[in-house]
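Q: Residue-level listing of the chains:
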Amino acid sequence: MDIYSLEGKKEIIKRYSPKTRILRNSVFAFIFGGLICLSAELLRYLYLWLNIEEKDALSLVGVTLIFIASLLTALGLFDRIARYSGAGTLVPITGFSNSVTSQALDARSEGLVMGLGAKIFTVSGPVILWGIASGVLYGIIYYIYLYIIR
Amino acid sequence: MKRIKILNTPPRFISYSAVGGREEKRGPLGDAFDLCDESDSFGQKTWEMAEGEMGRCALNLALSKCNMSHDNIELLVAGDLQNQCVATSVSLGSFGAPFLGIYGACSTCTEALLILSSMIESGAVSTGACVTTSHNSAAERQFRTPLEYGGQRSPSAQWTSTAAGSFILTGDPSLLSASKYGAVSISDFMIGRIVDGATSDATNMGAAMSFAAAQSIIEYFKESDMKTRDFDLIVTGDLGKVGSDILRAILDERLPSASSRHLDCGTLLYNPKRQDVHAGASGCGTSASVLSSYLLPRLEEGELRDVLFLSTGALMSPSSVLQGNTIKGIAPVIHLHSDA
Chain A
1 MDIYSLEGKK EIIKRYSPKT RILRNSVFAF IFGGLICLSA ELLRYLYLWL NIEEKDALSL
61 VGVTLIFIAS LLTALGLFDR IARYSGAGTL VPITGFSNSV TSQALDARSE GLVMGLGAKI
121 FTVSGPVILW GIASGVLYGI IYYIYLYIIR
Chain B
1 MKRIKILNTP PRFISYSAVG GREEKRGPLG DAFDLCDESD SFGQKTWEMA EGEMGRCALN
61 LALSKCNMSH DNIELLVAGD LQNQCVATSV SLGSFGAPFL GIYGACSTCT EALLILSSMI
121 ESGAVSTGAC VTTSHNSAAE RQFRTPLEYG GQRSPSAQWT STAAGSFILT GDPSLLSASK
181 YGAVSISDFM IGRIVDGATS DATNMGAAMS FAAAQSIIEY FKESDMKTRD FDLIVTGDLG
241 KVGSDILRAI LDERLPSASS RHLDCGTLLY NPKRQDVHAG ASGCGTSASV LSSYLLPRLE
301 EGELRDVLFL STGALMSPSS VLQGNTIKGI APVIHLHSDA
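Keeping their order, the protein sequence lines are chains A and B. Sequential numbering from 1 applies to the first sequence in the working numbering. Sequential numbering from 1 applies to the second sequence in the working numbering.
Pulled out of the complex, with its shape left as it was, chain B reads as follows (with noise of 0.2 Å):
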């Protein structure tokens, strides 16, 4: 079974945007997000709304880089943090997009991007949008304790990061002259496996995604024509500190080639010494705001050329890990190309 699937005509990256709140604000890529709300709350009364409401500023100001109206958008998929993904499906609902709303956890920026990227190949859209999004009120809420709580945090914790991304892709070159934008696309992607992160510790998800993104670089490699030294960069989601040691480590074993190129989002985001945000930024936002305000500016002044990108999402609810089930990881992989 050959797992990377190569796109004949591949997408190109029209918009993108990366919103965020105040620690993204106060971070190392602070002044390269559009938008930053330094209250968090976007306006809203609830912080579920307020993630719902920041992916909504993201995909309009990705739109409106690109002089586009929501009638273009023939496909939009999103996602976000919250059970049944509400925060996506409430805010979005305004543009009357045909709509997919999916869960990848933290991964589902690249799982979006590439079910966009098969839809535009396979010719039933030309152009559409993703949207992910994560809120940390929102998440703590959810999956950890009250947000005032009076607790003491595991040196392995990360900090779900309060923060959107949004791109626009199209398969039309026709629309590529009204955009500044358009030498990026995605050239080929391979879809994730689950794999077990042998934990159920929840204050320690970046380990546990981290034999995941191992994996997925590693068969990535081995089936592809590409060699490591074609790739600028492999830049994984939101392993954070812990994860990224021990990814580092599995490929100075087996792909030493490979190590040295890593970046990881979770890393990237925030500043950990004036931060306190311990091993780094997780959350699905983390991802798609970092290759939007980081990665792809990069790649659109030819600085980058190729980046192998993957979002790394851990699989697990509140009630399974009391349960006592493990972690499950998955880094769906995007291979990212520049005409610059």
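Next comes chain A alone, as it looks inside the complex (with noise of 0.2 Å):
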């Protein structure tokens, strides 16, 4: 084994890091995912039901999903469930929702300007900015097609 040399190194740690077991964590994330999809859809069934609008009701569900992904986070329930989950939890609204609350929580002792107000869109800032951006990316494509292509 060569430990001088930085592929040398690179190769040894390659052979000895366990690998991440993509098998598990996918069929986990497409339960947990699955599961977070079903109940967001039998919320919509049930604002529909209250005779709440199809427009509002859509609103209803995606606020009714952060808010409990935040209340888990609160109660320091959500990261055990997102150890199992990964991107089950992650990807749906729910992962958006709690890397805000989780960083507010954090930075509370901080302040409240400089602390929180400063800091609560540190990890979920990078999906606010690229999100918003290939928005304006997709508006212009879309306008292109629709108005100069047709």
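Some hints here could point you the wrong way.
What the hints assert, rightly or not - Between beta-carbon pairs, the in silico distance windows are:
no.	chain 1	residue 1	chain 2	residue 2	range
1	B	V321	A	F30	29 to 35 Å
2	A	G76	B	S69	39 to 45 Å
3	B	V321	A	I68	44 to 50 Å
Unchecked claim - Mimicking DSS-like on lysine-lysine, the simulated pairs with C-alpha atoms at most 27 Å apart in a straight line are:
no.	chain 1	residue 1	chain 2	residue 2
4	B	K45	A	K19
5	A	K14	B	K65
6	B	K45	A	K119
7	B	K5	B	K45
What the hints assert, rightly or not - Some but not every residue of chain B turned toward chain A, in silico, with C-beta under 7 Å:
no.	residue
8	T46
9	I115
10	S118
11	Q142
12	P146
13	G150
14	P155
15	A198
16	F211
17	A214
18	D245
Just so you know, the hints here were simulated from the structure itself, not pulled from any lab data. Even for Gly, the Cβ is constructed at its ideal location relative to N, Cα and C.
Make one complex out of these two single chains by using the hints.
A: The following block contains the structure:
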């Protein structure tokens, strides 16, 4: 074993580092993510049954999921579930809610302005920035398609 | 250049203590800790201050065990994992002792002990203390993601321990009678070199540090008059499972007699079957608390005679890793000898 060159060390690290269990993680993500989507669908039916308009019902579904994820984060339960569910809870809107709430909880000790206020979007910031940026890009492409190509 | 410094008047451990949190209490060494707070908060409002309070408790416990007061401490060498070592400087100020704050990442414990040893050897001080702390929640906040963030950890990731170790060393033989301890001394040490860990993956720090540990062990035995068979154990700080596997594979090839004597504090602190710690413990409190809860009592009783002890440090910051720099490792060595 070559422990004195960078390449040699890289090879050793690669050989001895455990692999992430992709199949197991994917199955768990599929099940948990699926359950979240199923519960969202059930919520939609619930709101429609309460005679709320389709458009408002859809907004309410999002808000409800955000609230539940935020509450579970504050109760210290979200991260325990996410250890198993992984992308299943990270990808839906629940993951975004958790990233904002968890950062808010953490930064609270540094004050409401320079702590919580300044740091609340540290984790979710990239999603907000690149989410909006890709939305704009998609809008431009759609505009070109709609008014120029057609 | 001779790198091993032999101490003519080996400083002795006249007291030591280990303090931990919830996971440490649940681990195999839980009952050997002097104090554990299962809330992890140590009565403080923030995790950062909890880390400082833990260090203060550890030093107070060590002082009370050898019936000494703050005034006996001529030098305090201490460090923690936080930016600017703030936990240590905020909490240990109340002792009023001359203070050297050091940062060696997870190698801080050995670094502190060898600095204090050489100060005692030089005659600059006769009695001093070392304190090393790390706190899981403070470290997660600083180095990784918010505490309640729901992410999956890599199987090679380690769990920063909420632990502190404190040691009181003296070169003054008259103090030995007041303490029930005193059989263990530091007979020589070797300051570590910075070794490239060849990865910028902060979830695989054990692997990054393993090369520094391997080189330190190989270089120590190349220069020392002692052979590997003269040592009961060769103990590394916090390589965890992955780093230990790499170190043993390297030693099997280059120094097989050292490989069979190897133990790692990072794999001793927790029970991986019951505790969700992935590759084991990390953080500078790991080697400090295992030294005072597991190794020193065994040395004191004479169950172990000679132990080579190397805390391993991963030198990095969140920015350095994001900028693509590799993690550097360091492994300073001390030789613990027991007269019991």
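Q: What are the numbers of the hints the structure violates, in ascending order?
A: 3, 4, 5, 7, 9, 10 and 11
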